[in-house]
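So the chains spell out like this:
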Amino acid sequence: MASPPHPWLNPALTVGGLAPLVVLVIQGAQGSLGANAIERALNQTGLTALVLLLASLACTPLRLLSGWTWPARVRRTLGLLAFTYAVAHLLTYVVLDQNLALSALATDVVKRPFITVGFTALVLLVPLAVTSTKASVRRLGFPQWQRLHRLAYAAAALGVVHFAWRVKRDVTEPLVYGAVLALLLAVRVGEALRQRRARAPQTRRVA
Amino acid sequence: MADPLPPEPPASEVTPEKLYLRRRDFIRNVALFTGTAVGVGGGLYWLGARQAPPSDVLVPDAGEVPQPVAHGVGALDTDEPRTPYDVVTTYNNFYEFGLDKSDPARHAGTLRTRPWTVVVDGEVHEPRTWDIDALLAAFPLEERVYRMRCVEAWSMVIPWLGFPLARLLERARPTGAARYVAFTTLNDPEQMPGQRRGVLDWPYVEGLRLDEAQHPLTLLASGLYGKQLPPQNGAPLRLVVPWKYGFKGIKSIVRITLTREQPPTTWNLAAPREYGFYANVNPAVDHPRWSQAHERRLGEFRRRPTLPFNGYAEQVASLYQGMDLSRDF
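Sequences listed follow chains A and B, in order.
Numbering that gives the first Met the number 0 numbers the first residue of the first sequence as 0 and each following residue consecutively.
Numbering that gives the first Met the number 0 numbers the first residue of the second sequence as 0 and each following residue consecutively.
Treat the hints with caution; some may be incorrect.
Computed spacing ranges between beta-carbons, pair by pair [what the hints assert, rightly or not]:
(1) A:R187 x B:R27: 26 to 36 Å
(2) A:R187 x B:E299: 45 to 55 Å
(3) A:D169 x B:N186: 17 to 27 Å
Honestly, the hints are just simulated from the structure, not real lab data.
The C-beta atom is built at its ideal place from N, Cα and C for all residues, glycine as well.
Using the sequences provided together with the hints, build the complete structure.
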């Protein structure tokens with residue numbers, strides 16, 4: 000019986016993807032995160048969530064451009080890792096930064112636009128994480144599932160805005176992530192247009 | 000002499016033929032797994048956490064450290080626990096050396112603090128260009144233990160070494176027209192590589208109203224913890240105004256000019272909605288993007304309430320009588 004190609008791929012992504020979080024927790028416990036450990040944990044979990052979310056959104060464009068099939072099989076792992084970091088980011092903020100001061104948190108979400116958009120981005124990721132199983136795809140039907148999962152683009156866009164509004168002065172880095180997101184979206188839109196025009200048959204190769 | 004035959008391994012240890020044939024596959028997969036995991040983990044760490052705190056703190060220039068005439072036990076000093084030296088000297092906002100808090104400690108070694116001159120001019124009867132050592136010798140140094148509240152909602156307690164700005168102003172003798180004091184940081188991208196990026200308008204400028212500048216709390220500092228200021232903390236001379244947000248404490252000062260008009264200030268120019276000229280610590284006036292009601296004292300876990308005028312209301316609130324501090328923030 001043939002084993003699936005690249006059996007190591009998803010386990011390696013999971014282990015490698017969670018490793019920085021484990022390192023962060025260990026560094027935090029050791030007190031080696033510098034003078035403002037909570038700020039550092041917030042920055043790292045938030046940025047890593049955004050990177051992973053963009054990586055998950057890069058899978059389909061990469062498959063379309065390269066013809067490889069493996070990107071399609073790591074997309075869910077990357078998406079769930081992004082969600083994990085986003086939840087870690089929120090928990091760091093709620094528990095460590097704000098010490099569970101819930102009324103202050105509610106005020107923040109309502110009153111401070113950068114927190115509003117960050118919180119919204121995380122809320123958008125919840126249904127995607129919940130429906131990430133194959134059973135969910137079957138239950139919803141692929142077209143509907145696909146439509147739902149386009150929310151990932153909205154979440155990533157809000158994540159970029161959250162990042163840009165958070166920095167004090169220099170928005171170069173958020174703009175880089177925004178540009179990457181725009182590029183990924185452009186590939187998808189271009190492909191959709193091309194398919195609609197040409198009605199070209201999709202090539203499916205078995206690796 | 001012939002070697003004895005080794006004992007035959009038990010049947011249970013014999014590798015099944017199927018596994019034996021897949022050994023190469025297995026080894027290859029383990030190698031690919033390990034390589035991918037390390038690559039992904041390393042890449043994510045590099046992208047998400049590259050701003051590690053510096054491992055070695057820049058030490059200040061070796062040189063004579065004038066000893067203070069008074070140690071921090073006066074009425075203006077706080078007896079709260081002092082923020083450790085390595086925190087005070089590795090967690091800095093000094094954009095002339097980079098945007099990350101740990102950048103100044105890493106990169107400020109390029110700053111040459113001797114020779115150094117400070118020009119005092121403008122609306123004064125006795126303008127003068129001071130050599131920094133002459134300046135520090137002319138005014139007796141005192142140790143002052145102040146709270147320092149950053150506009151980003153963190154705070155420290157720092158034992159500064161310095162002298163009241165009022166002493167220098169007395170020496171310069173302001174004219175009757177002087178109403179404000181303008182300060183300027185060194186402008187030299189060779190020494191301050193961060194100035195090559197247009198993040199802010201360089202040089203950094205700050206200002207105080209004359210009565211604020213003359214207040215006994217307002218300090219020109221040349222040291223902390225009984226040592227010379229490290230470059231990342233604003234060597235060789237910086238401003239300390241403990242009831243205002245930290246960005247008012249302009250670093251590496253080369254010019255002090257008394258003026259008739261309110262001088263421009265860097266952060267106010269950069270984002271006038273977010274940073275005012277006065278920038279008094281005020282828990283009731285939030286930054287547009289975050290609350291100023293609480294702060295994290297570095298080294299403490301729980302946030303603590305921020306005090307009006309950073310706890311110096313008794314000394315300075317009278318300076319602002321009749322002003323609307325939510326408008327003049």
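Range first: 45 to 55 Å. Now tell me if the beta carbons of R187 of chain A and E299 of chain B are that far apart. Since the Cβ atoms of R187 of chain A and E299 of chain B sit about 47 Å apart, the hinted range of 45 to 55 Å holds.
Taking the CB of R187 of chain A and the CB of R27 of chain B, does the distance hold inside 26 to 36 Å? holds (34 Å)
Range hint compliance [Cβ, D169 of chain A to N186 of chain B, 17 to 27 Å]: Cβ of D169 of chain A to Cβ of N186 of chain B: about 19 Å, so the range 17 to 27 Å holds.
Of the hints listed earlier, there is not a single one the structure fails to meet.
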